[in-house]
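Student: Generate coordinates for the entire structure from the input sequences, incorporating the hints supplied.
If you're matching positions, the sequence shown starts at 1 in full-length UniProt numbering and goes up one per residue.
These aren't lab readings, by the way, just hints derived from the structure by calculation. It is possible that some hints are incorrect.
Said to hold, decoys possible - Taking lysine-lysine and the DSS-like style, the derived pairs with C-alpha atoms no more than 27 angstroms apart in a straight line are:
1. Lys60 - Lys93
2. Lys139 - Lys264
3. Lys177 - Lys90
4. Lys93 - Lys38
5. Lys228 - Lys249
6. Lys60 - Lys79
7. Lys93 - Lys4
8. Lys249 - Lys264
9. Lys4 - Lys60
10. Lys139 - Lys93
11. Lys188 - Lys228
12. Lys79 - Lys93
13. Lys4 - Lys111
14. Lys79 - Lys139
15. Lys188 - Lys60
16. Lys111 - Lys228
17. Lys38 - Lys111
18. Lys38 - Lys79
19. Lys4 - Lys38
20. Lys188 - Lys38
21. Lys60 - Lys111
22. Lys90 - Lys79
23. Lys139 - Lys4
24. Lys60 - Lys38
25. Lys188 - Lys177
26. Lys90 - Lys228
27. Lys177 - Lys228
28. Lys79 - Lys228
29. Lys79 - Lys111
30. Lys188 - Lys79
31. Lys111 - Lys188
To be verified - Ranges between beta-carbon positions, derived for each pair:
32. His52 - Glu198: 31 to 41 angstroms
33. Ser140 - Asp68: 21 to 31 angstroms
34. Gly114 - Pro342: 12 to 22 angstroms
35. Ser279 - Glu198: 46 to 56 angstroms
Ideal Cβ positions, reconstructed from N, Cα and C, are used throughout, including at glycine.
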Amino acid sequence: MTHKVAILGASGYTGAELVRLIANHPNIEIAALAAERKAGLSMAQVFPHLRHMSLPVLCKISEIDFSDIDLCFCALPHKTSQEVIAALPKTLKIVDLSADFRLRDPAEYEKWYGNAHAALEQQEEAVYGLSEFYREEIKSARLVAGTGCNAATGQFALRPLISGGLIDLDEIILDLKCAVSGAGRALKENLLHAELSEGYNAYAIGSTHRHLGEFDQEFSALAGRPVKVQFTPHLVPTNRGILATVYVKGDAQAIHQALVTAYKDEPFIEVLPFGEAPSTHHVRGSNFCHIGVVADRIEGRTIVVAALDNLTKGSSGQALQNANLMLGEEETAGLMMAPLFP
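Tutor: Here's what the structure looks like:
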């Protein structure tokens with residue numbers, strides 16, 4: 001059976017990544033591509049690397065007939081996404097890649113994103129889209145909220161350790177290095193080559209990064225009490241990838257075994273042999289997440305390192321993985337391509 005999908009926000013990085021991934025899917029057809037400012041252009045004009053594909057011309061969202069669409073990917077900015085989704089047909093399956101439906105408490109959304117939630121009815125039905133941990137809920141969901149790419153990386157490293165009671169919940173330090181594509185395709189002065197290259201910097205230091213809302217929500221629910229991690233992201237002059245270095249108090253061998261057990265049947269999560277650490281080079285362009293565990297020289301302390309591609313496993317690949325679950329397809333369909341190296 002062929003499923004017809006629409007991609008809203010197709011002129012951004014995550015939209016283009018969705019097109020690239022769906023090209024390998026045996027049972028999904030792209031029926032509509034929307035990009036308000038680039039309506040009327042072909043995808044080849046916007047993304048020349050996709051010129052070999054036969055794709056619909058970019059259009060405005062208002063021009064799409066959703067009656068023939070089985071599922072819609074929404075790759076729009078936050079605030080815009082909730083307004084658009086609220087106006088879509090109530091029976092349409094949706095995978096949202098923005099932040100608009102990730103936080104279950106509307107007050108928390110307003111706290112972290114600075115505006116009141118405008119689609120409370122849809123918020124109530126949204127399922128958090130971390131596929132490996134919400135698989136059954138996603139299968140029956142109409143609206144799935146994709147996670148933040150930083151939030152996904154940190155959760156893959158930490159969720160089994162928190163739920164297993166293996167670490168000190170008050171002593172978690174999460175240090176992330178993030179590629180520039182995570183900031184989107186819009187022109188920004190600090191992302192110009194001359195401003196970004198040959199160095200890297202910490203940003204949103206302390207308590208301002210919006211993905212902290214996801215960490216607070218998910219880790220506290222797992223632990224049954226409030227959990228707040230120390231989290232600092234760093235912007236590095238690379239195109240793709242996130243590397244999370246997590247410092248915890250707990251036995252390294254037990255932590256490694258817990259991760260091996262938790263992910264032994266997961267097709268996209270690879271736990272490395274004890275003592276090895278991953279690289280973003282080894283997951284680039286793929287839907288895989290690699291996790292390594294190393295014992296610190298200080299007894300009772302452990303370093304967990306996780307790497308994934310922010311555009312694939314951290315966003316569009318995760319979105320397609322969720323869509324597969326929602327449409328009754330094999331979860332891995334269109335997603336088993338090997339990483340690109342070097």
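Student: Run every hint past the structure and note whether it holds.
Tutor: So, going through the hints one by one against the coordinates:
no., hint, in the structure
1, Lys60 - Lys93, "holds (19 angstroms)"
2, Lys139 - Lys264, "holds (21 angstroms)"
3, Lys177 - Lys90, "violated (39 angstroms)"
4, Lys93 - Lys38, "holds (25 angstroms)"
5, Lys228 - Lys249, "holds (15 angstroms)"
6, Lys60 - Lys79, "holds (18 angstroms)"
7, Lys93 - Lys4, "holds (11 angstroms)"
8, Lys249 - Lys264, "holds (24 angstroms)"
9, Lys4 - Lys60, "holds (18 angstroms)"
10, Lys139 - Lys93, "holds (11 angstroms)"
11, Lys188 - Lys228, "violated (31 angstroms)"
12, Lys79 - Lys93, "holds (19 angstroms)"
13, Lys4 - Lys111, "violated (36 angstroms)"
14, Lys79 - Lys139, "holds (26 angstroms)"
15, Lys188 - Lys60, "holds (25 angstroms)"
16, Lys111 - Lys228, "holds (16 angstroms)"
17, Lys38 - Lys111, "violated (32 angstroms)"
18, Lys38 - Lys79, "holds (20 angstroms)"
19, Lys4 - Lys38, "holds (22 angstroms)"
20, Lys188 - Lys38, "holds (19 angstroms)"
21, Lys60 - Lys111, "violated (31 angstroms)"
22, Lys90 - Lys79, "holds (19 angstroms)"
23, Lys139 - Lys4, "holds (18 angstroms)"
24, Lys60 - Lys38, "holds (8 angstroms)"
25, Lys188 - Lys177, "holds (19 angstroms)"
26, Lys90 - Lys228, "violated (36 angstroms)"
27, Lys177 - Lys228, "holds (20 angstroms)"
28, Lys79 - Lys228, "holds (26 angstroms)"
29, Lys79 - Lys111, "holds (13 angstroms)"
30, Lys188 - Lys79, "holds (19 angstroms)"
31, Lys111 - Lys188, "holds (24 angstroms)"
32, His52 - Glu198: 31 to 41 angstroms, "holds (34 angstroms)"
33, Ser140 - Asp68: 21 to 31 angstroms, "holds (23 angstroms)"
34, Gly114 - Pro342: 12 to 22 angstroms, "violated (41 angstroms)"
35, Ser279 - Glu198: 46 to 56 angstroms, "violated (20 angstroms)"
The structure shown violates the earlier hints numbered 3, 11, 13, 17, 21, 26, 34 and 35.
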